[in-house]
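Undergrad: Sequences listed follow chains F, E and B, in order.
Reading the first sequence from the start, the letters are residues 1 to 370 in the working numbering.
Reading the second sequence from the start, the letters are residues 1 to 289 in the working numbering.
Reading the third sequence from the start, the letters are residues 1 to 285 in the working numbering.
Hints in this document: simulated from the structure, not taken from any laboratory.
Among these hints, one or two may not hold up.
Coverage of chain F stretches by chain B, computed from C-beta distances (three or more under 8 Å per stretch; other residues unrestricted) [said to hold, decoys possible]: (1) 39-49; (2) 192-204.
Here are the simulated PhoX-like cross-link-like pairs (lysine-lysine), alpha carbons at most 20 Å apart as the crow flies [to be verified]: (3) F:K309 with F:K167; (4) B:K9 with E:K89; (5) F:K59 with F:K211; (6) F:K259 with F:K345; (7) B:K195 with E:K276; (8) F:K319 with F:K309; (9) F:K293 with F:K345; (10) F:K14 with B:K109; (11) E:K276 with B:K284; (12) F:K195 with F:K309; (13) F:K132 with B:K195; (14) F:K14 with F:K211; (15) F:K195 with F:K167; (16) F:K248 with F:K352; (17) F:K111 with F:K122; (18) F:K167 with F:K122; (19) B:K195 with E:K89; (20) F:K7 with F:K59.
C-beta atoms are modelled at their ideal positions from N, C-alpha and C, and glycine is treated no differently.
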Amino acid sequence: MTTLELKNIVKRYKTNTVLDDLSLDVADGETLVLFGPSGAGKTVLLRLVAGVIDPDEGKILIGGEDMTDVDAEHRGIGMAFQNFALFPHMSAHDNIASPLTATRSSAEAIKAGVGKVAKLLKIDHVLSHHPKALSNGQKQRTALARALAGSPPLLLLDDPLRNVDAKLRFEMRLELPRLLASQGATVVYVTQDYKEAMALGDRIAVMANGKIRQIGTPEEIYNAPADIGIASLFGDPTINLLDVVPQKDAEGIYVEISKVRVALPGMPDSVAGQSCVIGIRPESITFAKSTVKGAVPIEVEAETPLNEKTVTLVVTVGKRELLVSRPAGTPGPVSGPAFILIDGKTTFLFDKASGALIRKAGETEQGVAA
Amino acid sequence: MLPYVLSLPALLVCIGILIPFVTAVIYSFQRYRLSQPWSRQFNWGENYYNFLFNDPGFWNTLKISLLYAGITVTLELLLGLGIALLLQKRSRVNNFISIMLLLPLMIAPALAALMWKLMTNPGFGILSYLASSIGLHDFRWASSPDTALLTVVLVDIWVYTPFIMILLLAGLRSLPTQPFEAAALDGVPRTFVFFRITLPMLTPYILTATLFRLLDSIQQFDIIYAMTQGGPGNALTVFQVEAYLNFFQSTNVGRSAALMVILWAITYLLSNIFIKNWLRLRERARGEV
Amino acid sequence: METTSTLEKSLRFLALSLVVIFFMFPIFWIFLMSFQTNETILQIPPSIVFTPTLSNYAALITGKLTTSAGTLDIAFMRNLGNSVFLSVTSVALSLVLGVPAAYAFARHKFRGSEDIAFTLLSFRFAPPLLVLLPLTQYFQWLGLSDTYVGLIWVYQLICLPLILWIVRGYFEDISADVEYAYRIAGHSWFATFRKIALPLAGPGIAAAGLLAFIFAWNNFVFALVLASADKQPVTVGALAFVTSSGIQYGQIASAIVLSVTPTLALALYAQRYLVEGLSLGAVKG
Numbered sequence: 001m002t003t004l005e006l007k008n009i010v011k012r013y014k015t016n017t018v019l020d021d022l023s024l025d026v027a028d029g030e031t032l033v034l035f036g037p038s039g040a041g042k043t044v045l046l047r048l049v050a051g052v053i054d055p056d057e058g059k060i061l062i063g064g065e066d067m068t069d070v071d072a073e074h075r076g077i078g079m080a081f082q083n084f085a086l087f088p089h090m091s092a093h094d095n096i097a098s099p100l101t102a103t104r105s106s107a108e109a110i111k112a113g114v115g116k117v118a119k120l121l122k123i124d125h126v127l128s129h130h131p132k133a134l135s136n137g138q139k140q141r142t143a144l145a146r147a148l149a150g151s152p153p154l155l156l157l158d159d160p161l162r163n164v165d166a167k168l169r170f171e172m173r174l175e176l177p178r179l180l181a182s183q184g185a186t187v188v189y190v191t192q193d194y195k196e197a198m199a200l201g202d203r204i205a206v207m208a209n210g211k212i213r214q215i216g217t218p219e220e221i222y223n224a225p226a227d228i229g230i231a232s233l234f235g236d237p238t239i240n241l242l243d244v245v246p247q248k249d250a251e252g253i254y255v256e257i258s259k260v261r262v263a264l265p266g267m268p269d270s271v272a273g274q275s276c277v278i279g280i281r282p283e284s285i286t287f288a289k290s291t292v293k294g295a296v297p298i299e300v301e302a303e304t305p306l307n308e309k310t311v312t313l314v315v316t317v318g319k320r321e322l323l324v325s326r327p328a329g330t331p332g333p334v335s336g337p338a339f340i341l342i343d344g345k346t347t348f349l350f351d352k353a354s355g356a357l358i359r360k361a362g363e364t365e366q367g368v369a370a
Numbered sequence: 001m002l003p004y005v006l007s008l009p010a011l012l013v014c015i016g017i018l019i020p021f022v023t024a025v026i027y028s029f030q031r032y033r034l035s036q037p038w039s040r041q042f043n044w045g046e047n048y049y050n051f052l053f054n055d056p057g058f059w060n061t062l063k064i065s066l067l068y069a070g071i072t073v074t075l076e077l078l079l080g081l082g083i084a085l086l087l088q089k090r091s092r093v094n095n096f097i098s099i100m101l102l103l104p105l106m107i108a109p110a111l112a113a114l115m116w117k118l119m120t121n122p123g124f125g126i127l128s129y130l131a132s133s134i135g136l137h138d139f140r141w142a143s144s145p146d147t148a149l150l151t152v153v154l155v156d157i158w159v160y161t162p163f164i165m166i167l168l169l170a171g172l173r174s175l176p177t178q179p180f181e182a183a184a185l186d187g188v189p190r191t192f193v194f195f196r197i198t199l200p201m202l203t204p205y206i207l208t209a210t211l212f213r214l215l216d217s218i219q220q221f222d223i224i225y226a227m228t229q230g231g232p233g234n235a236l237t238v239f240q241v242e243a244y245l246n247f248f249q250s251t252n253v254g255r256s257a258a259l260m261v262i263l264w265a266i267t268y269l270l271s272n273i274f275i276k277n278w279l280r281l282r283e284r285a286r287g288e289v
Numbered sequence: 001m002e003t004t005s006t007l008e009k010s011l012r013f014l015a016l017s018l019v020v021i022f023f024m025f026p027i028f029w030i031f032l033m034s035f036q037t038n039e040t041i042l043q044i045p046p047s048i049v050f051t052p053t054l055s056n057y058a059a060l061i062t063g064k065l066t067t068s069a070g071t072l073d074i075a076f077m078r079n080l081g082n083s084v085f086l087s088v089t090s091v092a093l094s095l096v097l098g099v100p101a102a103y104a105f106a107r108h109k110f111r112g113s114e115d116i117a118f119t120l121l122s123f124r125f126a127p128p129l130l131v132l133l134p135l136t137q138y139f140q141w142l143g144l145s146d147t148y149v150g151l152i153w154v155y156q157l158i159c160l161p162l163i164l165w166i167v168r169g170y171f172e173d174i175s176a177d178v179e180y181a182y183r184i185a186g187h188s189w190f191a192t193f194r195k196i197a198l199p200l201a202g203p204g205i206a207a208a209g210l211l212a213f214i215f216a217w218n219n220f221v222f223a224l225v226l227a228s229a230d231k232q233p234v235t236v237g238a239l240a241f242v243t244s245s246g247i248q249y250g251q252i253a254s255a256i257v258l259s260v261t262p263t264l265a266l267a268l269y270a271q272r273y274l275v276e277g278l279s280l281g282a283v284k285g
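Pulled out of the complex, with its shape left as it was, chain F reads as follows (with noise of 0.2 Å):
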């Protein structure tokens, strides 16, 4: 168990900087996940924090300790790469066994120790198997063996699951919080893959264009995200955003889509008559009857199941698209007119100009996660 701390780093590649002045702590034994788009700096940032390329500027400090300068061999790190990195030369045994090699220990404490951590990843019947007789499961698993074996204080987990199937990922993902839990090494997670990020950070960093744009628990990140690209990157079916001007009457601020008034409680009168988009998430809709107060009329254009959801595109009046979600097995309507509800309550709303977010529905100021 150790800690991490990066202050200001800056890292370019030519006339490209890919991470700006970044910085960021990571506290004893927390699993922290890098999430973002590719191309936003996560695998870089984490191959300077591993000690293979170097920050052209900024200090990483593990454990308290400057380790700008040290080498990769010398910084006590498992890393687990998203391209496994396995040495195709060498038996799974050998892969795993290359961390307690390295500091000269006994022939049988590596062997107990490999045989440990392959039963932990419940490959210990393949270790004397080389990398291309392995199944892409067993090598992803050999690759995370690799990273535990040495028994680092400093875990980097560099995309582990991109490149295994949607089942073997599933399983993992109800596996891995275990497991690390079970090393209670300081962990660094990258993913792209949103649901990963909330089942597995402590929290979770938000970065875009090699800057961090938003760090809170999973939760926070869910219901206050810091402006609409977050926003959107969280939540399947995404986030519907529309174009809005609220308008403020006796009581207190609206919007209107398909002509009715949908109520935000708690936003501030100032936002009346200026340009926001509104996020409401398809779970924010049901669908309800023409009777219902505040019912809107829409349109029924298609339907389809997502996972255990079921996913409706619905048009409103003035030709809006909206996405609707609701448990599988629950009835809706399938096609022509019908009508929905929206929950005003959590909906959110963002500055068109900049994409802040302004404040989520319902809450009061204090309320606001930061």
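Given chain F, put chains E and B in place with the hints provided.
TA: Frame of chain F; chains E and B shown alone:
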């Protein structure tokens, strides 16, 4: 720091070679005969001036060198392309033949020249015998000024056509198949396919192979020296042969060095074009991994 | 792809046959000649039916050629030995110098790295006599003229560019992550070079070495300019042999056969890598 340490030894060998290169350039600006070392002096580029205005030998050398390079590379390119097309389809026979055809390329050119010298011997050479049996009596191959060039060109073709063939064959076999399948489906005539699809896609390979050969051919020494020592007369005194003879026989170091500097300038220009094409191919080959 | 007519098939067959005859016949003919006595060689018309004799090879190997005019000493075996020694040591030195440099060029884009790599490449294309002629004088001053050391040094001009550029390609093909993984596991860069990079580039290094051997063996001009009789390899020795023995055609043929056999055998053995080697790593076979 580390990469410098790793490449330093290779770098030192580089420098060791650059010193005589500079020396050669200096010599080329000197009046310098090994027979009269006492009168060695800077002569304001007189060696080069002489080439231009009162040295018919130089123009002969330039002409023969360009002719030799032009003829060999053109014929080898046509022949190599033809053979590559014949062997394009992957089959056991074709693969076997393409490996066999590489053998002449693996024989030292100087030894290849000796082989052909034995075969063109006026007394018992099989080729002299064949020539006379088709009515060419007393066909003297490399010993006659009329046919000497033809003979060394023949040996050059024998040795180096496989080089072009094997590069173009690798190129042909690495071309994507979709355009050809589409053309075949559409019933496009084969000559059209060849000139509009095959040749353009093969161009980088053709360019690389041609420049590679041109660079070697304009400097050819081994075959010509082993076969005729530049003779008969001055029929085959290409750049390197002429420079060699100048240095060791006429002991005219200044002229020899000037000849080499001119040849170097030609190859330098060619190799710059070459390296660009070569790099493009190299990146493509590495990208396929 | 398309239906080929019988006519086209026969034309293809005819063309390929002519090609094979043109390129194979000289090798075949010289091979036959090496088993013939001078009498059968000089027969007109030439015939491929004769009683083979090993006398030519015997004369070369024993170094004594008995003719009606007396006994002639042949130094050919010494040339063969020189070829072996010069080629092997040159390639070995080139590997020691070139493989670390190739690794540096493949893995670290340091200042001037491309310039050095291209300068080495350009040696492949510079006219050799340009440096060789002044080099004869430097060698005299340095006491290197007519020494194996001097020759091996100059042979680096042939071997080093080849090894550097082919092996560099093989190092570049190894995923950098694989090496990073070994470093992060706690191993020094040297251990990583030895345990990961070298074994993974092994086949490429071996192929480059074999090709460099072939090119060193086949070189003519370096030894012609820098070596005297007792240091000369077969390429120069065979030419001298032709001049000195004159009319001993059978022995000349068998000397040629002995001289080309090693390179032909290696070429057949390493044929998978020939294309890549010949194009200095630009084209993969």
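Undergrad: If a hint holds in the structure, say so; if it doesn't, say that too.
TA: Hints, one by one, checked against the model:
1. 39-49: violated (count 1)
2. 192-204: violated (count 0)
3. F:K309 with F:K167: holds (18 Å)
4. B:K9 with E:K89: Given that 20 Å is the threshold and the Cα spacing comes to 13 Å, the pair holds.
5. F:K59 with F:K211: Since the Cα atoms of F:K59 and F:K211 sit roughly 16 Å apart, the hinted pair holds (cutoff 20 Å).
6. F:K259 with F:K345: With a Cα-Cα distance of about 19 Å, the restraint between F:K259 and F:K345 holds, given a limit of 20 Å.
7. B:K195 with E:K276: Violated, at about 35 Å.
8. F:K319 with F:K309: violated (24 Å)
9. F:K293 with F:K345: At roughly 15 Å apart (the allowed maximum being 20 Å), F:K345 and F:K293 satisfy the hint.
10. F:K14 with B:K109: It holds: about 13 Å lies between the C-alpha atoms, which stays within 20 Å.
11. E:K276 with B:K284: holds (18 Å)
12. F:K195 with F:K309: holds (15 Å)
13. F:K132 with B:K195: Holds. F:K132 to B:K195 sits at ~18 Å (cutoff 20 Å).
14. F:K14 with F:K211: Holds: F:K14 and F:K211 sit about 18 Å apart, inside 20 Å.
15. F:K195 with F:K167: holds (14 Å)
16. F:K248 with F:K352: Measuring from Cα to Cα gives roughly 18 Å; hence the hint holds.
17. F:K111 with F:K122: Since the Cα atoms of F:K111 and F:K122 sit roughly 16 Å apart, the hinted pair holds (cutoff 20 Å).
18. F:K167 with F:K122: holds (16 Å)
19. B:K195 with E:K89: At roughly 40 Å apart (the allowed maximum being 20 Å), E:K89 and B:K195 break the hint.
20. F:K7 with F:K59: Judged against 20 Å, a Cα distance of about 5 Å means the pair holds.
Consistency with the previously given hints fails for numbers 1, 2, 7, 8 and 19, ordered from lowest to highest.
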